[in-house]
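> If you want the building blocks of each chain, they are given just below.
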Amino acid sequence: DQQVKQNSPSLSVQEGRISILNCDYTNSMFDYFLWYKKYPAEGPTFLISISSIKDKNEDGRFTVFLNKSAKHLSLHIVPSQPGDSAVYFCAARGYQKVTFGIGTKLQVIP
Amino acid sequence: DAGVIQSPRHEVTEMGQEVTLRCKPISGHDYLFWYRQTMMRGLELLIYFNNNVPIDDSGMPEDRFSAKMPNASFSTLKIQPSEPRDSAVYFCASSLLWKGRDYGYTFGSGTRLTVV
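So the protein lines, in turn, are chains A and B.
Mapped onto our numbering, the consecutive letters of the first sequence carry residue numbers 28 to 137.
Mapped onto our numbering, the consecutive letters of the second sequence carry residue numbers 6 to 121.
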């Protein structure tokens, strides 16, 4: 049973436009949510996080939104750049361990 | 800091052989995690340690898998005997949880295991 779900395996966006990556979770005990970015042949790298007591966190071009009632979070990238092309993992922390989704492959087209 | 270091980067082995993956976490990090990445299941947590002590190994798929952390700077994940379905990328990650705030994991570059 996947507790963190990323239902879109891939997404293509034009350079300069907004990329929106979505994530749903089932466990209401998660207290922290994170996004990781992964390039081929590299390990995932931490991108941005949000505490469950907040509904928005912004860091430069990246913003994460959390809707606790819907158990949904999203990552917005504005403007999208070709270097953002990667696999993005949504993750949620509970009981000191982090559960990851299966990832969404983002392609930013120049 | 050199980050989390994993070895080898690639491993090709025959079915039935023993495979040992190695990880050196970031100095000072008190948590170490082993993950496996597959296309179907994404990143699965296999086991994690806190201060060298295994805390949760519920993700270890079978008794063929074992992990140790003899000291704060080294961990191994062993598969014996290996099977073709174990083929995946195995990641080690470490983190520092300080005053309840999660600064995020730092992952190694992974070991791509192929069992033929």
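In case anyone wonders, no lab produced these hints; they're calculated from the structure.
The C-beta atom is built at its ideal place from N, Cα and C for all residues, glycine as well.
Check before you lean on any hint, since a few could be wrong.
Straight-line distance between alpha carbons at most 20 Å, and here's what the computed SDA-like set of lysine to any residue pairs gives [to be verified]: (1) Lys83(B) with Gly33(B); (2) Lys124(A) with Asn57(B); (3) Lys124(A) with Ser63(B); (4) Lys124(A) with His15(B); (5) Lys32(A) with Arg88(A); (6) Lys83(A) with Ser101(A); (7) Lys83(A) with Asn94(A); (8) Lys124(A) with Thr25(B); (9) Lys132(A) with Pro109(A); (10) Lys124(A) with Ala77(B); (11) Lys124(A) with Ile31(B); (12) Lys95(A) with Lys29(B); (13) Lys124(A) with Glu23(B); (14) Lys132(A) with Ser78(B); (15) Lys32(A) with Thr43(B); (16) Lys83(B) with Ser114(B); (17) Lys132(A) with His15(B); (18) Lys132(A) with Ser55(A); (19) Lys132(A) with Glu49(B); (20) Lys29(B) with Ala68(A); (21) Lys83(B) with Ala7(B); (22) Lys83(B) with His15(B); (23) Lys95(A) with Gln29(A); (24) Lys124(A) with Arg46(B); (25) Lys124(A) with Leu51(B); (26) Lys132(A) with Asn56(B); (27) Lys32(A) with Leu50(B); (28) Lys29(B) with Ser78(B); (29) Lys98(A) with Asn34(A); (30) Lys132(A) with Glu23(B); (31) Lys81(A) with Lys83(B); (32) Lys29(B) with Glu69(A); (33) Lys124(A) with Asp35(B); (34) Lys124(A) with Leu102(B).
Pairwise CB distance ranges (calculated) [as the list claims (entries may be wrong)]: (35) Ser101(A) with Met44(B): 39 to 47 Å; (36) Glu88(B) with Pro67(A): 43 to 51 Å; (37) Gln85(B) with Pro109(A): 23 to 31 Å; (38) Thr43(B) with Gln41(A): 26 to 34 Å; (39) Lys32(A) with Arg27(B): 30 to 38 Å; (40) Lys83(A) with Ile60(B): 25 to 33 Å.
> Next, verify each hint and record whether it holds.
Results of checking the hints against the structure:
Proximity of Lys83(B) to Gly33(B) is assessed by CA-CA distance (about 24 Å); at most 20 Å being required, the pair is judged violated. Between the alpha carbons of Lys124(A) and Asn57(B) the distance comes to roughly 15 Å, so the proposed pair stays at or under 20 Å and holds. A hinted pair counts as satisfied when its Cα atoms are at most 20 Å apart, and Lys124(A) with Ser63(B) qualifies at roughly 12 Å. The straight-line distance between the Cα atoms of Lys124(A) and His15(B) is roughly 27 Å, outside the 20 Å bound, and the hint therefore fails.
Distance hint between Lys32(A) and Arg88(A) is unfulfilled; the C-alpha atoms sit about 24 Å from each other, more than 20 Å. Distance hint between Lys83(A) and Ser101(A) is fulfilled; the C-alpha atoms sit about 10 Å from each other, no more than 20 Å. A threshold of 20 Å between alpha carbons decides the hint, and for Lys83(A) with Asn94(A) the separation of about 9 Å falls inside it, so the pair holds. A C-alpha spacing of about 24 Å is found between Lys124(A) and Thr25(B), which places the hinted pair above 20 Å, so the restraint is violated.
Only pairs whose Cα atoms come within 20 Å are accepted, and Lys132(A) paired with Pro109(A) is accepted, the gap being roughly 13 Å. For the suggested pair Lys124(A) and Ala77(B), the alpha carbons sit about 19 Å apart, so the restraint of at most 20 Å is met. With a C-alpha separation of about 18 Å, the suggested pairing of Lys124(A) with Ile31(B) holds against the 20 Å cut-off. Distance check on the hinted pair: Lys95(A) and Lys29(B) sit about 37 Å apart at the alpha-carbon level, beyond 20 Å; violated.
Restraint check: the Cα-Cα separation between Lys124(A) and Glu23(B) comes to about 28 Å, which exceeds 20 Å; the hinted pair is violated. Proximity of Lys132(A) to Ser78(B) is assessed by CA-CA distance (about 33 Å); at most 20 Å being required, the pair is judged violated. Among the hinted pairs, Lys32(A) with Thr43(B) is consistent with the structure: their alpha-carbon atoms are about 15 Å apart, no more than 20 Å. The straight-line distance between the Cα atoms of Lys83(B) and Ser114(B) is roughly 18 Å, inside the 20 Å bound, and the hint therefore holds.
Taken as a hint, the Lys132(A) and His15(B) pair is broken in the structure, with Cα atoms around 23 Å apart against an allowance of 20 Å. Proximity of Lys132(A) to Ser55(A) is assessed by CA-CA distance (about 26 Å); at most 20 Å being required, the pair is judged violated. Annotation: proposed proximity of Lys132(A) to Glu49(B) holds, straight-line Cα distance about 18 Å (limit 20 Å). Only pairs whose Cα atoms come within 20 Å are accepted, and Lys29(B) paired with Ala68(A) is accepted, the gap being roughly 18 Å.
As the CA atoms of Lys83(B) and Ala7(B) are separated by approximately 24 Å, the hinted pair breaks the 20 Å bound. Between Lys83(B) and His15(B) the CA atoms are separated by roughly 15 Å; this keeps the pair inside 20 Å, and the hint holds. Simply put, Lys95(A) and Gln29(A) have alpha-carbon atoms about 18 Å apart, close enough for the 20 Å limit, and the pair holds. Distance restraint check for Lys124(A) and Arg46(B): the Cα-Cα separation of roughly 17 Å lies within the 20 Å cut-off, and the hinted pair is therefore satisfied.
About 11 Å separates the Cα atoms of Lys124(A) and Leu51(B), which keeps this hinted pair within 20 Å; it holds. Between Lys132(A) and Asn56(B) the CA atoms are separated by roughly 34 Å; this puts the pair beyond 20 Å, and the hint is violated. A C-alpha spacing of about 15 Å is found between Lys32(A) and Leu50(B), which places the hinted pair at or below 20 Å, so the restraint holds. Proposed proximity of Lys29(B) and Ser78(B) is supported: the alpha carbons are some 5 Å apart, at most 20 Å.
At roughly 14 Å between alpha-carbon atoms, Lys98(A) and Asn34(A) fall within 20 Å of each other, so this suggested pair holds. Restraint check for Lys132(A) and Glu23(B): the C-alpha separation of about 33 Å exceeds 20 Å, so the hint is violated. For the hint linking Lys81(A) to Lys83(B), the alpha-carbon distance of about 40 Å lies beyond 20 Å, and the restraint is violated. Straight-line distance between C-alpha atoms of Lys29(B) and Glu69(A) comes to about 16 Å, which keeps the hinted pair within the 20 Å bound.
Under the criterion of a C-alpha separation no larger than 20 Å, the hint pairing Lys124(A) with Asp35(B) is consistent with the structure, at around 13 Å. Proposed proximity of Lys124(A) and Leu102(B) is supported: the alpha carbons are some 11 Å apart, at most 20 Å. Evaluation of the 39 to 47 Å hint for Ser101(A) and Met44(B) yields a failure: the beta carbon distance comes to about 23 Å. Between Glu88(B) and Pro67(A), the C-beta spacing of about 25 Å breaks the proposed range 43 to 51 Å.
Taking 23 to 31 Å as the suggested C-beta distance range, the pair Gln85(B) and Pro109(A) does not conform, at roughly 44 Å. At about 31 Å, the beta-carbon gap between Thr43(B) and Gln41(A) stays in the expected band of 26 to 34 Å. For the hinted restraint 30 to 38 Å between Lys32(A) and Arg27(B), the CB-CB distance of approximately 32 Å keeps it satisfied. Taken as a hint, the range 25 to 33 Å holds for the pair Lys83(A) and Ile60(B), whose Cβ atoms sit roughly 32 Å apart.
Checked against the numbered hints above, the structure violates hints 1, 4, 5, 8, 12, 13, 14, 17, 18, 21, 26, 30, 31, 35, 36, 37; every other hint is satisfied.
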